[in-house]
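> Here's the letter readout for the chains.
Protein chains: 2
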Amino acid sequence: MLQQPSNSLILIRLGIEAYRENILFVRADSNICTSEGSTLPTRVRISGKNKSIVVTLNPVHTNILKDGEASLSEIAFQRLGVMEGDTITVSHLSPITSLSDVRSKIYGNKLNDDSIKKIISDVNNGLYSDIELSAFITACAGDHLDIDEITSLTKAMAAVGKQLHWDEKIVLDKHCVGGLPGNRTTPIVVAIIAEAGYLIPKTSSRAITSPAGTADTMEVFTNVNLTLEQVQEVVKKEKGCLAWGAMAELSPTDDMLISVERALDIDSEGQMIASVLSKKAAAGSTHIVIDIPVGKTAKVRDEKDAIKLQYYFKYVGKSMGLVVESLITDGSQPIGRGIGPALEAMDIVAVLQNATGAPQDLKEKALMLAGTMLDLVGETGKGKGLEQAKQILESGRAWNKFQSICTTQGDFKQPQYASFKKEIRSMVSGTVVEIDNRRLAKIAKLAGAPKSPGAGIYFCAPLGTKVLPQQMLFTIYAENENELNYTLEFIAATTNHIVKIE
Amino acid sequence: MLQQPSNSLILIRLGIEAYRENILFVRADSNICTSEGSTLPTRVRISGKNKSIVVTLNPVHTNILKDGEASLSEIAFQRLGVMEGDTITVSHLSPITSLSDVRSKIYGNKLNDDSIKKIISDVNNGLYSDIELSAFITACAGDHLDIDEITSLTKAMAAVGKQLHWDEKIVLDKHCVGGLPGNRTTPIVVAIIAEAGYLIPKTSSRAITSPAGTADTMEVFTNVNLTLEQVQEVVKKEKGCLAWGAMAELSPTDDMLISVERALDIDSEGQMIASVLSKKAAAGSTHIVIDIPVGKTAKVRDEKDAIKLQYYFKYVGKSMGLVVESLITDGSQPIGRGIGPALEAMDIVAVLQNATGAPQDLKEKALMLAGTMLDLVGETGKGKGLEQAKQILESGRAWNKFQSICTTQGDFKQPQYASFKKEIRSMVSGTVVEIDNRRLAKIAKLAGAPKSPGAGIYFCAPLGTKVLPQQMLFTIYAENENELNYTLEFIAATTNHIVKIE
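Protein chains in written order, with the working numbering: chain A, 1 to 502; chain B, 1 to 502.
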């Protein structure tokens, strides 16, 4: 290697938050700007004591920085592990060769194992700008990744992160492909499985395009921001956990890819399978049950697509050494009544407490999933899993286990409603014959979910409900009046039905 | 409409240059941050006296801003037309509905006229973030746009900008699809056509993925940053111009799309046709000649692709009311000897001055293009255009016209070499049988072109050259030693040939 040009700079904290972007602020008249400067965003490598990261250069034309000073965006301070007063050195960034593989994908070519490894390694090392990540995500979206590419992607994503190893031979996990509002079975399933004596080190994501992810809902109850070490401690004590933070360590690139998918509001098949299975593999899971809700307005719209997903999950799982069983479930309407973190949390409490009026659909679905998991690994004989799960839930043991897991994670809080609400009532009489899950999700998001945990929808008009004029269909909760108003404006402008009554 | 939340803030200039990104810096404890805050980049609308733009919010956690103060990235100050001390108001941004059309395209669906109009209008209004622009570019890249979509895109791009109108019935223009290093015919052609008495209000782009665009080369000679009014003045006086700046007004979205294409190093067919023809239409051109070089390492690799491009240009042109004639030309090797802004400028001067040793290939190609244009509109009879062009060039009238155009644009400077150089010599004897245009372009870019105008390659081993050991193949010019070294490192690591000698 030739010698790289290098510049030493002292850090000043300007305190600028640029979200996920690593930014280096340097005087426009400094060496580094005049040698690197261009009309294109320039990316350079900076090094602290032990680490180096890639940053985008933002020249500064005033005296908020003096000669020899530099600043970083808040996240870059964190990632580089430096503080105000520390010294950094700046060096030229070599061309990122994996970008030619991304371009090849954009032009419709198939990527091989090596290309995908290189891309994921470069993404993991922070070499990709948001523009480049977006191009990679877009080129792989739709059905542009075939099953070999998905397998390569899954392996590459699992390989760049940390791995968990367990003493037990059986480690369970579950996942729902999503798209069904309120379908928050995971906390109930984890409590049942852990109480049944199996390991279930569950890590869950936040919402990508939905009003709540399991991590958002669990955060209503407890601390979900666990390190990998904390996950191990909680699971050692409780057999199960419901964590979020550790995911970033298990499959670190997933977080970066998901943040761009979220910004684009897309959630594509290949990426989703790789995201799910790379984390399960890295978490040391051996047996996984996948819930695939199918419905006209769910994420998966028809059974043929669901069967393809089943096949993909099984095939990619097998090449990762995992046993994967997928269930195709009813996705025609929300599960439970709440849509949004706290509202879903309330449903979970009701089911776990065996409360009168607890949503039966949520209870039944959680039992079916837990039962399938127990059947997959259990010694009680096939078909006995459901019975075992039911016994654990109805005896109250699952509720105790759930609270115990929460407490071990650091806290147990009861969910709260947001302050503002508006009831949406029927104009007509008739029977509920169709529900638009996507519009319900959109409404819950406009109302502030998941950012405002108490925001969302309390839904009380499932399919088949006989309604009279002025009967309540759902209630919208929001944490401020503006968000409530935006939501009502959206509903007023919606020409198609949200809940169809005939 | 419901009332929007709004906040008044006084502007301070922090002087932060974030390239093309509109950034609003606001205290993290301000209303606007606490009400909009999230883990996703938040985009809001800000308004000055007469204008409003969309910006990305960057919260600031130190006292570089006081209560009630805000700052903008340098480009946002420009775009909003405000200064330090001015007041802005901040308001909520409504959801960008055209993004669902982009998502639909990502999933492989065809976009209709209306969808494309909406997308381009939103891009033009600055509503798209870089991530979103990148997704749109990527989804349309490869051959993902069909001819109807390209036509819609061209119309939409031409419609959002300003339009030029001319008194003459015939307004000529030319364009090269590029990919061939050194192929800088435009300045010569414009001088000939203007001298022949036809209007040719030429606007040219900077390099997208090449070592130089015509605008980069012309900037070596003169000011290219003309406003639309200045273009009109120059053309009124000279019949022709060689401008860059006005392009942004003629098809303003093109610049935004190209900046993302440049960052991704892709230059796709549909986008290219729309980019070219939207500008020609907006510039009031009526007759256009397109140069399509074809070669193994040119942008267009085989004649079938070139024929498809011919058809696309003609079809889309026709639906815009334009006469478009495309020529398929030899793309097997560079044209002229220089690759890089100033080095190409030297070739142009040599041809225009009819200097001994001027590159004949550049001269012949420029004459062929000018001749075709004259035939397309001329009254001298088909086939006489070439003769007329030759007479204008060889008499020295084109050289006078060229200098006159430059002077009218504000300046006339002679091109200069960069300070550092290295000669690359042959190891063997034989005949040059193949040249890799892409590697040559890459070398010129690594050497600093187009950012450093004097950087690039002087190439002196065209196809068929008989070479002896130690004979010079090309010379690399760079403006600093580091760039020269990077370039040599790349050449040393290149296993395939750049110039193949047998």
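Wrong hints could be hidden among the right ones.
If chains are identical, the list can't say which one is meant, so a pair holds when it fits in one copy or spans any two.
[What the hints assert, rightly or not] Calculated cross-link-like contacts (lysine to any residue; reagent style SDA-like; alpha-carbon spacing at most 20 Å): (1) Lys314 x His61; (2) Lys118 x Asp265; (3) Lys296 x Cys33; (4) Lys384 x Gly15; (5) Lys51 x Ser91; (6) Lys66 x Ile12; (7) Lys451 x Thr465; (8) Lys382 x Asp101; (9) Lys117 x Thr97; (10) Lys49 x Thr372; (11) Lys314 x Ser91; (12) Lys66 x Gly15; (13) Lys110 x Ser268; (14) Lys237 x Ser115; (15) Lys169 x Ala28; (16) Lys421 x Thr227; (17) Lys421 x Tyr311; (18) Lys451 x Ser91; (19) Lys451 x Ser94; (20) Lys384 x Arg397; (21) Lys390 x Ile10; (22) Lys296 x Ser94; (23) Lys304 x Asn400; (24) Lys110 x Gly142.
Hints were generated in silico from the structure; no laboratory data involved.
> For every hint, state whether the structure bears it out.
Evaluation of the provided hints:
1. Lys314 x His61: Intra 56 Å, inter 48 Å, cutoff 20 Å: neither.
2. Lys118 x Asp265: between (26 Å within a copy, 18 Å between copies)
3. Lys296 x Cys33: neither (54 Å within a copy, 38 Å between copies)
4. Lys384 x Gly15: neither (57 Å within a copy, 68 Å between copies)
5. Lys51 x Ser91: within (13 Å within a copy, 40 Å between copies)
6. Lys66 x Ile12: both (10 Å within a copy, 18 Å between copies)
7. Lys451 x Thr465: neither (31 Å within a copy, 68 Å between copies)
8. Lys382 x Asp101: neither (47 Å within a copy, 47 Å between copies)
9. Lys117 x Thr97: Close inside one copy (12 Å), not across copies (36 Å); limit 20 Å.
10. Lys49 x Thr372: neither (50 Å within a copy, 64 Å between copies)
11. Lys314 x Ser91: neither (45 Å within a copy, 48 Å between copies)
12. Lys66 x Gly15: both (16 Å within a copy, 13 Å between copies)
13. Lys110 x Ser268: both (17 Å within a copy, 18 Å between copies)
14. Lys237 x Ser115: neither (41 Å within a copy, 55 Å between copies)
15. Lys169 x Ala28: Close neither inside one copy (58 Å) nor across copies (48 Å); limit 20 Å.
16. Lys421 x Thr227: neither (36 Å within a copy, 54 Å between copies)
17. Lys421 x Tyr311: neither (43 Å within a copy, 59 Å between copies)
18. Lys451 x Ser91: between (38 Å within a copy, 19 Å between copies)
19. Lys451 x Ser94: Between copies only: 17 Å across, 38 Å inside.
20. Lys384 x Arg397: Classified as within; 18 Å inside a copy, 96 Å across copies.
21. Lys390 x Ile10: So Lys390 and Ile10 fail the 20 Å test inside a copy (62 Å) and across (62 Å) alike.
22. Lys296 x Ser94: For Lys296 and Ser94, the Cα distance exceeds 20 Å both inside one copy (48 Å) and across copies (27 Å).
23. Lys304 x Asn400: Neither way: Lys304 and Asn400 sit 40 Å apart in one copy and 71 Å across, limit 20 Å.
24. Lys110 x Gly142: So Lys110 and Gly142 pass the 20 Å test inside a copy (14 Å) and across (13 Å) alike.
Violated hints for the displayed structure, listed by number in ascending order: 1, 3, 4, 7, 8, 10, 11, 14, 15, 16, 17, 21, 22, 23.
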